[in-house]
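So the mapping is simple: my numbering equals the position in the sequence shown, first residue as 1, plus 16.
None of these hints come from the bench; they were simulated from the model.
Among the clues, some could well be false.
DMTMM-like, lysine to aspartate or glutamate: derived pairs with alpha carbons at most 25 Å apart [said to hold, decoys possible]:
{"no.": "1", "residue 1": "453", "residue 2": "555"}
{"no.": "2", "residue 1": "68", "residue 2": "331"}
{"no.": "3", "residue 1": "453", "residue 2": "329"}
{"no.": "4", "residue 1": "453", "residue 2": "476"}
{"no.": "5", "residue 1": "68", "residue 2": "263"}
{"no.": "6", "residue 1": "453", "residue 2": "517"}
{"no.": "7", "residue 1": "68", "residue 2": "260"}
{"no.": "8", "residue 1": "453", "residue 2": "318"}
{"no.": "9", "residue 1": "453", "residue 2": "556"}
{"no.": "10", "residue 1": "68", "residue 2": "318"}
{"no.": "11", "residue 1": "453", "residue 2": "495"}
{"no.": "12", "residue 1": "453", "residue 2": "481"}
{"no.": "13", "residue 1": "68", "residue 2": "156"}
{"no.": "14", "residue 1": "453", "residue 2": "156"}
{"no.": "15", "residue 1": "453", "residue 2": "478"}
{"no.": "16", "residue 1": "453", "residue 2": "518"}
{"no.": "17", "residue 1": "68", "residue 2": "495"}
{"no.": "18", "residue 1": "68", "residue 2": "317"}
{"no.": "19", "residue 1": "68", "residue 2": "320"}
{"no.": "20", "residue 1": "453", "residue 2": "422"}
{"no.": "21", "residue 1": "68", "residue 2": "481"}
{"no.": "22", "residue 1": "68", "residue 2": "480"}
{"no.": "23", "residue 1": "453", "residue 2": "470"}
{"no.": "24", "residue 1": "453", "residue 2": "571"}
{"no.": "25", "residue 1": "453", "residue 2": "389"}
{"no.": "26", "residue 1": "68", "residue 2": "476"}
{"no.": "27", "residue 1": "453", "residue 2": "480"}
What follows is a list of derived Cβ distance ranges for each label pair [stated by the list, open to error]:
{"no.": "28", "residue 1": "188", "residue 2": "452", "range": "43 to 49 Å"}
{"no.": "29", "residue 1": "709", "residue 2": "452", "range": "37 to 43 Å"}
{"no.": "30", "residue 1": "218", "residue 2": "484", "range": "41 to 47 Å"}
{"no.": "31", "residue 1": "353", "residue 2": "638", "range": "31 to 37 Å"}
{"no.": "32", "residue 1": "583", "residue 2": "383", "range": "33 to 39 Å"}
{"no.": "33", "residue 1": "480", "residue 2": "656", "range": "21 to 27 Å"}
{"no.": "34", "residue 1": "401", "residue 2": "583", "range": "53 to 59 Å"}
Yeah, the Cβ is synthetic: ideal placement off N, Cα and C, and Gly gets one too.
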Amino acid sequence: MVPPSADRSPTFAGLLLLLAASEGPHPPPAAPAEGAEEEAPALPELLVTARKWEEAAPEVPQSLTVLSAQTLRDAGIDSVGEAARLVPNLFVTEFSSRRLSFPAMRGIGSGQGDPAVTTYIGGVPQLTTSSTNLPLFAVERIEFLRGPQSTLYGRNALGGLIHIVPRPPTAALEAEAAVLLGSYDWREERIAARGPLTGGGLRFELAGLRSRRDGFTTNDFTGHDVDDRDSVFGRAGLAWGPADEWEMRFTVYGERARDGGFVLGELESLRDRPHHIDQDFEGQADRDILAPALHCTYYGDDVEVVSISAFQDWEVLETSDFDFSALDGVRRISAESQAYFHQEVRVASPGGAERSAADGPRWLAGAAVFVADSTRYAANEYRPAGAGILFPPEQVGHDTSRGGFDDWGAAVFGQATITPADDWDLGLGLRLDHEDKEADLRRTFQRDGVILSDVRTHLEADYDEVVPHVSLARRMTEDVLAYARAARGFKAGGFNLTAPEDRFVFGPETSWTYELGAKSAWLEERLRLDLALYHVDWDDMQLSLFDATAGGFVDNAGAATSQGVEVELAGQPCAGLELRAGLGTADTEFDSYVDPYGEDVSGNTLAFAPQATWNLGALLSGGEAEERRWFAHGVLSGASTFYYDAGNREEESFTLLDLRAGVERGRWRLEVWAKNALAEDYVPVAFQPNPADPTLFVGESGAPRTVGISLTARL
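Use the sequences and the hints to build the structure in full.
Following this line, the structure appears as structure tokens:
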């Protein structure tokens, strides 16, 4: 462990003292009366908006996982990648560049190009993965919906959906500040506040953090730590209810991240010496995001109306050693930006989570439109030292591709839940979706400032989809719900900026998923058990591939299937003990596909689709509530065998243990923690960089063991 840095922020230290001196201690959980036997309470009710209306999670006829703010806090979860380890059949592959974070559910995922598991932040879709991997700070909950969500959420949700729900403003003032210190000189300061601004119903929210750490990986060529991180993130919002039936909320968040470059090394070398690379050039990974949004809601006696207007602008700049070695052969620079506007309006039957079948059918209808303008730039610099070794001498020079991508889409959608008989619910949904894409591409090759080649390409395509879903649920008893669901998912086709053999255009991807499940509660709501069985058929899979010249590109890959089981258990067997467990299995298979090396891989397992993902967690707590409470939390999670490529040539598996313990007294909370406490060495992501050698893989080591402390003060 690296000793904590002595560089502490006086601003945050002063704020901690100010909060401690404020009147009115933060009320702790009530303690049982002296001599009374403390019984285990029922599990807290989890409310979700999976179907775009509020309801209890056990009432939703589909497989889902909800992580509340308390769960995230107890487990010390700071990113979606960490949260994914508590979700069956969710596997997130991440590079050191935080924008390269690719989620896959039940084996359905993607790398370059549009995501197959889409992310929403506060009801706003993220059109690419470049803006999704944000700090999980001041978050109310995260909803993980498995299976196609395309009827309600549209494009890129054929594998599932991740919805990050920020904390809303409150009528009562709340504030907290925290300082975190840890290994690798990790330092983070956080502040959050929300509450009333005026007596007229105006409320505010503020949240911000500054985080930085040294790199996990050493570059043996220079002796430097190369994958350091430094970022600032903030969110602000105002909410106003001018009348009982109206609510308006304006939010804006932004991030400025300045990270070290990629830490890619040859796979066997990483396994022999984890967190060591040998590169002559050390790059960078920068990202800037700004995202304002306006939510307006009308709560009528007969109808509810919701309008969401959102804009987002992000930019990314990355430079890297593209031969992944100490040879000064190839360097790469990539730059991307996107500005888009999203508008959604929906009308629904009134009511919240308390609505019952006696209130009649529940329905929703809506329309959505988006307009996106993107630019992409990628340049390979072939340097003289690599001539005759990595590439022919005549290739020395700059190979540059740039493109402008215009994209717009519109959709109308609707769903209804009716009760055809006692204890039965029939859910129906339909979406009509249209998307129009256009791209202007230019590729040049120049040497010594002279352009030797200049190729320009114009591409256009449009896509129309009809996306239905149907579910049937029966309330077997008051505490047991059984259901069946069938849903179609889709991803629109698109264009590659760079691709070999003129494979610039790739087609749409579609799927059908069939699911049987049950949700149950036992022991007076102290135990919950959810079970789901699923089968997925999908066509024209969009696979993320790699070419030594073109870099990453997308290509269609024929048909595939996936099937398996998902089990989740949560319980409080006694006071002071909470348990949770999850298991997901995925039997994935290519029905037909010839990989880039010409090998027929039909029957092989899909890449980055573990045969099983699992987690076990426990929270112990005790002590006198009025004096001091202690707590200890542990999560053991893992992924069984998964492959890096369609040829199943290299595989990996891992088990991780995260621990956290602390004490809480009034408004103070002190914690110590360890992530990857067992110091597991593993390589979660790798790919084949050489089109002539399928046995060569380069990858990045997983995060090492990190330990630290945190101190939080609440108003």
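Exercise for review: Please write out, lowest number first, the hints stated earlier that are contradicted by the structure.
Suggested key: As far as the earlier hints go, 2, 8, 11, 14, 26, 31, 33 are violated by this structure, in ascending order.
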